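Trainee: Sequence:
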Amino acid sequence: MSAVSPQAPRGTRDILAPESARLRALVESFAAAAELAGYGQVVSPMFEQIEVFQRVGEATDIVSKEMYQFRDPGDRHLALRPELTASLARAFVQHRPPLPWKAWYEGPQFRYEKPQAGRFRQFHQVGAELFGSDDPQADVEVIALAWRFCRRLGLGELRLVVNSLGDRSDRETYRAALSDYFQRRAGELSAPGRETLRRNPLRLLDSRRPEDRAVLAGAPVIDDYWCESATEHFGAVRSGLEALGIPFERDPRLVRGLDYYRRTAFELASDALDGAQDAVGGGGRYDGLVADLGGPETPGVGFALGSDRLLLACDAEGTFPAPAAAADVFVVDTTGGAAATLVAEELRGAGIRAGRAFDGRSMKAQMKAADRSGARWALLIGPDEQDAGEVSLREMRGHGAAASAESVQRRVRRAEVAAEITRLLVAAAAEGSAP
Numbered sequence: 001m002s003a004v005s006p007q008a009p010r011g012t013r014d015i016l017a018p019e020s021a022r023l024r025a026l027v028e029s030f031a032a033a034a035e036l037a038g039y040g041q042v043v044s045p046m047f048e049q050i051e052v053f054q055r056v057g058e059a060t061d062i063v064s065k066e067m068y069q070f071r072d073p074g075d076r077h078l079a080l081r082p083e084l085t086a087s088l089a090r091a092f093v094q095h096r097p098p099l100p101w102k103a104w105y106e107g108p109q110f111r112y113e114k115p116q117a118g119r120f121r122q123f124h125q126v127g128a129e130l131f132g133s134d135d136p137q138a139d140v141e142v143i144a145l146a147w148r149f150c151r152r153l154g155l156g157e158l159r160l161v162v163n164s165l166g167d168r169s170d171r172e173t174y175r176a177a178l179s180d181y182f183q184r185r186a187g188e189l190s191a192p193g194r195e196t197l198r199r200n201p202l203r204l205l206d207s208r209r210p211e212d213r214a215v216l217a218g219a220p221v222i223d224d225y226w227c228e229s230a231t232e233h234f235g236a237v238r239s240g241l242e243a244l245g246i247p248f249e250r251d252p253r254l255v256r257g258l259d260y261y262r263r264t265a266f267e268l269a270s271d272a273l274d275g276a277q278d279a280v281g282g283g284g285r286y287d288g289l290v291a292d293l294g295g296p297e298t299p300g301v302g303f304a305l306g307s308d309r310l311l312l313a314c315d316a317e318g319t320f321p322a323p324a325a326a327a328d329v330f331v332v333d334t335t336g337g338a339a340a341t342l343v344a345e346e347l348r349g350a351g352i353r354a355g356r357a358f359d360g361r362s363m364k365a366q367m368k369a370a371d372r373s374g375a376r377w378a379l380l381i382g383p384d385e386q387d388a389g390e391v392s393l394r395e396m397r398g399h400g401a402a403a404s405a406e407s408v409q410r411r412v413r414r415a416e417v418a419a420e421i422t423r424l425l426v427a428a429a430a431e432g433s434a435p
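Sequential numbering from 1 applies to the sequence shown in this note's numbering.
Derived by calculation from the structure, the hints in this document are not laboratory data.
For each label pair, taking beta carbons as the anchor points, the in silico distance ranges come out as:
id	residue 1	residue 2	range
1	R152	D359	35 to 45 Å
2	L244	E28	16 to 26 Å
3	A388	D271	55 to 65 Å
4	A236	Q183	32 to 42 Å
5	A291	A243	26 to 36 Å
6	Q94	E420	51 to 61 Å
Just so it is clear, the structure is predicted and the values come from calculations on it, not from any experiment. Every residue, glycine too, gets a C-beta built ideally from N, C-alpha and C.
Build the full structure now, drawing on both the sequences and the hints.
Mentor: The following block contains the structure:
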C-alpha cells in the first residue's frame with residue numbers, strides 16, 4: 001500500500017486559526033443581519049438525492065459537469081450539494097412550513113471546478129431564501145439584505161448588477177431567439193462557445209472569451225421578450241431599490257448559473273478583486289422551483305454569497321475582521337507546579353480567554369509564546385508570587401502604555417485576578433469604541 005499523501009485534496013484547504021475565526025465572525029455577522037430581518041436558520045444535509053439538482057438545471061455546467069456524485073451501499077444515487085437553494089426548496093416541499101417562509105443558511109458546497117484564487121472545490125456560502133411571495137418588494141428585501149450585509153463588512157468597492165429574465169414563457173422564447181441567432185453565427189464562436197450553444201445558449205451571455213463577446217454584441221436582448229407583468233415587476237424592483245438608496249447597474253446580459261431563475265436576477269461584485277473572479281454572490285427569483293421538485297406552485301426569491309470571496313474582498317480593502325488574538329491573557333508559570341492550570345481555568349470560568357505554555361519551558365520561552373498569542377496581558381507566577389498569594393500582571397508591549405520600552409507590571413492578589421482582568425477588558429473595550 002502506498003503512503004498517504006499529507007495534503008488536502010486538490011481544490012480544498014484546511015482553514016486554521018486565526019483565519020477560521022474570521023470565517024466564523026463573518027457567519028455570525030450574517031446570522032445577526034438575517035435574523036434582524038426575520039429569517040431563521042436552516043441546517044440541511046450536505047448530500048441529496050441527485051434528482052434534486054438534476055430537475056432544476058440539468059443543462060447547466062454546475063449540474064452536468066461539476067457535481068460530485070456517488071452511489072451509497074444501498075445503491076442510492078446521491079450528490080454532494082453544489083448549492084443550497086434547491087436543498088431548501090426540497091426541505092420546503094418535505095416540511096411545508098407556514099408561508100412566508102424566510103430561511104438563512106451557511107456551510108460548505110462542492111463543485112468540481114478548476115481551482116484558482118477565490119475558487120475552491122469545497123467552498124463556503126451564506127445565503128437567505130424567502131418562499132411564498134411574488135411581491136416585487138420581496139425581491140427588494142432580499143437584495144437589500146445582501147447589499148447591507150456586504151456594506152456592513154466594510155466593502156466600499158461594491159457593485160450591484162440587476163436584470164430580469166422574464167416569466168417562464170418569456171425566457172423560453174428568448175432562449176429560442178438566442179439559439180437561432182447564435183446558430184447563424186456558430187462559425188465565429190469559440191470551440192467551448194459552440195459546445196455551450198449546443199447545451200444552453202443562455203450561458204453564452206456571460207462568456208468572457210473574446211470570440212464569443214464579439215458575437216454577443218449583436219445578440220437579441222431580453223427586454224424585447226418580457227411580457228407586461230414581467231416588465232411591471234422589474235420596474236417595481238428598481239423603484240424599490242432607488243427608494244432605499246441602493247445603487248445598481250442594469251445588465252441585460254446578466255443570467256444566473258442555474259436554470260430555475262425567473263424574473264429578477266442580480267449579482268454583487270467587488271472592484272477590489274480580479275475582474276475574472278470579482279463576483280462575491282448573487283441570486284434572484286425562482287417561482288417554478290418548488291413545483292419542479294413536486295411541491296405546490298410557490299414563488300421564491302433568495303441569494304447566496306461566497307464567504308471565501310467576501311473575505312478576499314475584505315483583505316483587498318483592508319476591512320472586516322482582523323484576526324482575533326488567541327488569548328486575552330497568558331499565564332506564565334516558573335514554579336513547575338499546577339499554578340498556571342489553576343489560574344487559567346479560573347479565568348476561563350469567568351469568560352476570559354486564557355492561554356498558557358506547557359512542558360516546563362523557561363520564562364523567556366513562555367513570554368515569547370505570550371507575545372505570539374496576541375494576549376494583551378501576561379500573568380507571571382514565580383516562587384515569590386506563589387508564596388505571597390499573588391500574581392504579577394504585565395501589560396504586553398504594543399498595547400497602550402506598554403508600547404514604551406519597558407512593560408508595565410504590578411502585583412495583584414490571586415483571589416482578585418479574574419475581577420481585575422474583567423475590569424481591564426471592559427476599560428479596553430470602552431477605549432476602543434470611543435470616538
